[in-house]
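Required output: the full structure, derived from the provided sequences and hints.
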Amino acid sequence: MRRVYMDANATTPLLPEVFEAMRPYWTEHFGNASSIHLDGQQARTALDRARETIAEFFNCHEAEVVFNSGGTEGDNTAIFGLLRPGDHFITTAIEHSAVLQAASRVAQQGVHVTYVAPQPSGLIDPADIQAAILPETRLISVMLANNETGVLQPVEEIGKIAKTCGAFFHIDAVQGAGKVPFDVRRFGCHLASISAHKVHGPKGTGAMFVRRGTPVESLIVGGSHERRQRAGTENVPGIVGLAKAIELAMHSLEDGTIEQVAVLRDRLEAGILAIPGTGLNGMGLPQKMGAPGPAFGTWESTNPVPRVANTTNIYFDQLEGEALVIALDLKGVAVSGGSACHSGATEPSHVLMAMGLDKTRARASLRFSLLKTATQADVDQVLKIVPEAVQHLRALSPVAAGTLG
Amino acid sequence: MTEPTAIAVAMSGGVDSSTVAAMLAQTADAVVGLTLQLWDQTRLAGKDGIPDAPKAGRCCSLDDVYDARRVAEHLGIPYYVVNQQARFERDVVQPFVDEYLSGRTPIPCSLCNNHLKFDQLLQTARSIGASRIATGHYAVNEFDPARGRWILKRPADRAKDQTYFLFGLTQEQLSRTLFPLGRLTKPEVREIARSHGLALAEKPDSQEICFIPGGDYKQFLTAYLEEQGRQIPETAGELVASDGHVLGHHDGISNFTVGQRKGLGVSSPTPLYVLNIDAASHRVTVGADEELATRALRAHRLNWISIPELTAPTRVQIKIRHRHEPAWATLEPAGVGEVTATFDEPQRAVTPGQSAVFYDGDEVVGGGWIV
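First to last, the sequence lines map onto chains A and B.
Reading the first sequence from the start, the letters are residues 4 to 408 in the working numbering.
Reading the second sequence from the start, the letters are residues 803 to 1173 in the working numbering.
If you're looking for bench data, these hints aren't it; they were derived computationally from the structure.
Treat the hints with caution; some may be incorrect.
[Unchecked claim] SDA-like mimics (lysine to any residue), calculated; alpha carbons at most 20 angstroms apart, straight line:
#1 A/Lys334 to B/Ile879
#2 A/Lys362 to B/Gln887
#3 A/Lys362 to B/Glu891
#4 A/Lys334 to B/Pro880
#5 B/Lys849 to A/Gln111
#6 B/Lys988 to B/Gln975
#7 B/Lys1064 to B/His1084
#8 A/Lys334 to B/Gln925
[Stated by the list, open to error] Covered stretches of chain A (chain B as the covering partner; in silico rule of three or more C-beta atoms under 8 angstroms from a C-beta of chain B):
#9 323-330
#10 347-354
Cβ atoms here follow ideal geometry from the backbone N, Cα and C, with glycine treated the same way.
Listed below in structure tokens is the structure:
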């Protein structure tokens, strides 16, 4: 069975160029970058080159790049590394759980946390961030792009607010990186986190921008690696893979690849929205698609909200998203609905719930997120399989029968 | 879309359902493993003396999901965990709590079978393209062309007989369900598990109610109601002898179940047992062992399997709790949706809230809930 993978926001495969770039660093150039000898120096050189690429990506100084294990570590480092009891922390209700659960832990330790709710469109209103500012506000953390809806958040405006009130600003750029141009100077952030595996790099590797002079306490201690900001022998192959993936991502932003992904996404979206009883989560309708019908949500927003090119989040009334995800998987289409709980079962998305969807509709929502290597044939296949599966499920659905709300 | 032929196996992470998966993976065209996530075992952990870390051997514990997934991986079948926590709470846990609070002794496993395993699971299975489900229950079901009905029968391994919990299955559900272990004994099942290289072939059987870690239902009631912002209703009352004279007082009817001997809080030269719990007056009647015995039983919320309907007095054997040896009785229709039964010999502790399941030899005639 030909499989179509449309869950790029969960993870992406290594691009062949990334795989090739990493290859020598497993067996040939295996040295420890902290060692004096030639083997160590080869590893050190690879790290330095990678740091240069990542600094170019962030638009920062090389000394402001800290390699780590990925987005979760970056998010955790910003929060645990800056906040102390008595501080005030502003974040949003639609962040990744790497932020939300770190927030709930510091809250238990005496940090006052404000969770700013999104608009029904999925957008955070900078005015709501502004309104949450207190004299003790020490950190603001907002994501660049939401993983569920793809909605791009107004980080530039929020950066200005942070500057005015003297708070530190962290951007969780895990989902936005490689999909939109990124510039820590323009966004006015002190910290930013990215992850390699969301941009066709290896899992378990990421990087963080830490503006010079930002007093972040390191999460992991034990050595003087990464200017004492992150102990542990550097994952050289992983970091090389991250840099190659980021380099390719920067190219993709310039050579039209991302625009192509947007075209495919829009076609996919229009095709799925042609199924009765469906609607888009997280924004008004793209203008070219014309006037929305009654199926397009309970709120009045019809203005397009900026979002990344590869993501669409769609609800299917009268069915359970979990069953649809499984049915599609068995037919060779990989998508996601909600978030996996500890057992692997699906929980309704906290992002969609925060946007005001009720539990039933949140449970009936699916995220399609395209790889940048997606093709017309992928979209064709999904547009053939999804309507059939939806029709079949609705014929059997207990939600349709009204037995379960 | 054509009628799908795949079979969904309900996998709990135990030996029985794992063996079913292994047997079908070998013979069936397409097999999908499904685990129902019914209850978050950490939800009430640490409250009111409920153990912090649930052990394995209860459904939905992380260890059991892990075991089920490892079996599916070993067999090379697709496997998914399906979240049915909301429905389980609504259809099993809340009725369980309400039954106890009303002085009855509920059986959550039958409710779970009726509402989750053979209803929701079948629904999910069909949604994902499987027309039938298979479970690790010890029971036999087969179609009898003469009667035009699906028949549920006691299994080869009488010690593992689970038909008592399956009396609520409809004809439609029976027609879509496979019980591949019905003609096997537990030792044979473990042997098959070993022959398929299943690492959990020696895993002990689970015994207790899956959502009550530690098995203390009173702790569970208190913790659950507290979480819901409710309290156990004030049901303290009199403890009386069967002749009506007051022996003492009790703290609440939910502490009692018919037939209970321990924890009555009164001393007596001869052992005393709970005979009756009156939810309205909060009065708990106690008496001697002999007084527990009764010939009469009334049941409602009936389901018929081997017959379409009970229309005339019929001789059956009735099982009134899981470990009860079926006893001869005459069953009669009694008004709309009710039956009465008269046992040949008095039966001990006929307990409201439990099921009464009617047998004709090995066949399940039907069953209902004791009033």
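Verification of the hints:
1. A/Lys334 to B/Ile879: Answer holds: A/Lys334 to B/Ile879 is near 14 angstroms, not above 20 angstroms.
2. A/Lys362 to B/Gln887: holds, 13 angstroms
3. A/Lys362 to B/Glu891: It holds: about 16 angstroms lies between the C-alpha atoms, which stays within 20 angstroms.
4. A/Lys334 to B/Pro880: Holds, because 12 angstroms separates the two Cα atoms, which is no more than 20 angstroms.
5. B/Lys849 to A/Gln111: holds, 19 angstroms
6. B/Lys988 to B/Gln975: Not satisfied, since the Cα-Cα distance of roughly 25 angstroms exceeds 20 angstroms.
7. B/Lys1064 to B/His1084: holds, 19 angstroms
8. A/Lys334 to B/Gln925: At roughly 18 angstroms apart (the allowed maximum being 20 angstroms), B/Gln925 and A/Lys334 satisfy the hint.
9. 323-330: This one holds; 6 residues, not fewer than the three required, reach chain B with a Cβ under 8 angstroms.
10. 347-354: Coverage by chain B holds here, the residue count being 4 at a Cβ distance below 8 angstroms.
Of the numbered hints listed earlier, the single one contradicted by the structure is hint 6.
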